[in-house]
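Undergrad: From these two lone chains plus the hints, build me the complex, please.
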Amino acid sequence: MTQTATELVPHIQSLLGNDLLDAYLSYDMTTLVVKSNAVINALKTLKEDEKLDFHFMTDLCGVHYPTNKGLELGVVYHLHNFKTNIRIRIETFFSELDPRLETATTLWPAANWMERETYDFYGIIFEGHPDLRRILNMDDLGMFPMLKYNPLEDQTRTDKNDKMFGR
Amino acid sequence: MSEINMGQAPEGIQGSGFFATSFEKVIALARSNSLWPLPFATSCCGIEFMATMASTYDIARFGSERPSFSPRQADMLMVMGTIAKKMAPVVRQVYEQMAEPKWVMAVGACASSGGIFDTYSVLQGIDKIVPVDVYVPGCPPRPEQIIDGLMRVQHLAKNEPLKYRDSDEYKKLLSGYGFD
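Each protein sequence line maps, in turn, to chains A and B. Numbering follows our numbering, with no gaps: position 121 of the first sequence is 127. Numbering follows our numbering, with no gaps: position 70 of the second sequence is 101.
Rather than coming from a laboratory, the hints here were simulated on the basis of the structure. Think of the CB as a built atom: it goes at the ideal place given N, C-alpha and C, for glycine as much as any other residue. Hints are supplied without guarantee of correctness; some may be wrong.
To be verified - Not the full set, but computed from the structure, chain B residues with beta-carbon under 8 Å of chain A:
id, residue
1, Phe54
2, Lys56
3, Lys117
4, Gly145
To be verified - In the BS3-like style, the derived pairs of lysine-lysine whose C-alpha atoms are separated by at most 30 Å in a straight line are:
id, chain 1, residue 1, chain 2, residue 2
5, A, Lys166, B, Lys116
6, A, Lys166, B, Lys56
7, A, Lys154, B, Lys116
8, A, Lys166, B, Lys117
9, A, Lys166, B, Lys159
10, B, Lys194, B, Lys56
11, A, Lys169, B, Lys116
12, B, Lys194, A, Lys169
13, A, Lys154, B, Lys203
14, A, Lys154, B, Lys117
15, B, Lys56, B, Lys116
16, B, Lys56, B, Lys117
Stated by the list, open to error - Anything over 12 Å on all C-beta distances counts as not near chain B; from chain A, calculated:
id, residue
17, Thr12
18, His17
19, Asp28
20, Ala44
21, Glu54
22, Asn87
23, Glu97
24, Ala116
25, Leu138
26, Arg140
27, Asn143
28, Asn156
29, Asp160
30, Gln161
Just chain B, with the same shape it has in the complex (with noise of 0.2 Å):
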């Protein structure tokens, strides 16, 4: 049997039948350990999404027991495949119709450039459409670089500051790809 570490509690004060720490490290380690994701598959890379999420690799052991197939509970959108143009309106408007804190992963090489498909049908990369916070890649990428991704947005997660998506920044983001 491998060796089981135990996750390392935020900084705080502990006294005796207490523990006191900042609201931001409480509910960023919650964020963090429980991302849902929203799988957008559309070709091969989702076949190995299929993989990462089945026993073998077992993507519920990173929080992400439960794949949201709606966008409404969603709080990581994955976008495993080839994006046609005339699919692109439909990853806009599933993206829009996350709830925020939302992150978005790239997944193979279609999603993060367009990959081999260099052609006028093919959107060259999500990131033309909404922003995306980690790219992995692959053509298609092993189970293992998925969950390397995947605990990749758990970091940004886990440091985000509290009121990040509120800010300007984040607003200013948004508008640059045209949302409100």
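Here chain A stands alone, though its shape is the one from the complex (with noise of 0.2 Å):
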């Protein structure tokens, strides 16, 4: 039978210990919750421990939840064994007043553009990244996009009033 990510947690746990907040399964992928200062250290971990392998990192983006006071702002993992063909999600979260995060790039070389991505969007600050620039778009754009503070329309149209789009 193969292994799943689920029967890896107790192996995770001892591994991380308090810096685990958190493990469970959603849409069918194992989610480990960790601590904020402690994230890189963690996935360190789940690289080169020889029993979880985790040496491909598959995505890493950025997530915004304005409702959760005090931990809005949050970075996500995504890293896979080739393997064994186990993936598994990494999620911290942090305050948005203080958006600073350890870099990956030590660990893997593609967070960079990643990274530069995601402060781009949300404007988490990647400490230690070799280049934190925005990578999508325009230089002079002035806000962080995808934060939910930001309004969903363009302000410059002026082609759509209220009276025919009902906005």
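TA: Written out as structure tokens, the structure reads:
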């Protein structure tokens, strides 16, 4: 029988200790919630532990829950072990007043552009990143568009009036 | 076989072995029937332009035989597709590099108004950054509509006064868009 990520949770728990805040199954994927100041250490453990061996980072992205006071912003990492074909998701949350996190570029060079994208859209500052600047949006955008405080529609649009479009 | 209609010669004085007319009419006629387009295609409208350019619809029938991929030899800028705000300076630069006289055609809803992309990253119509002569509606427009747009540009070119590009009116239009 093939191993699942859920079966690895006790082992991960023993390695991470108090840094692991929660572990649950979400959309058939084991998800770990990790303290934000320990996330890189946790990723390093997941990558380098012989039994876990999550050596490939599939994705890194930001997320914003404005109602989750004190832990509004988050970063989500997706890791993959090719040998056993097990995937795992790591989440970490922190305050939007101090959106700082250590960079994952020290573990995976692939994190470089993904962290730039996350910075571009959420304003999360990855400390130690070699070249943290906007990657997709224009340089003088002047906002972090995926933060939910921003209006959905472009404010310069003139051909849509409220009478016709019910905005 | 379809009937062939001959184009009308401009007004003038005809005699044995000569034909005299004004430069304004001859130049306008020549310009309007040899508009070299610069396709600035970013998405699905560009695919429709490819059909317009290819043998079935054949834009060459209207004198636009040679799509110019350098702005310096182009007469007509055809912007087809969504223009992101990050792309806006590129459109401006391409427009600026074109020699006078030049015309601009906004093909499709996105180039004309931003289309369905009413969002922070998309320019809400290229007329925010460059003057537009003809708008072609559609999402995307059919090749027939693009050809109709081209014929409207031809109409503009044919009826343009010779000194229009030197006029104060035109200079005012350009300076309104921030071009010198």
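Undergrad: To test your reading of the hints: which numbers does this structure violate?
TA: 1, 2, 6, 12, 13, 15, 16, 26, 27, 28, 29, 30
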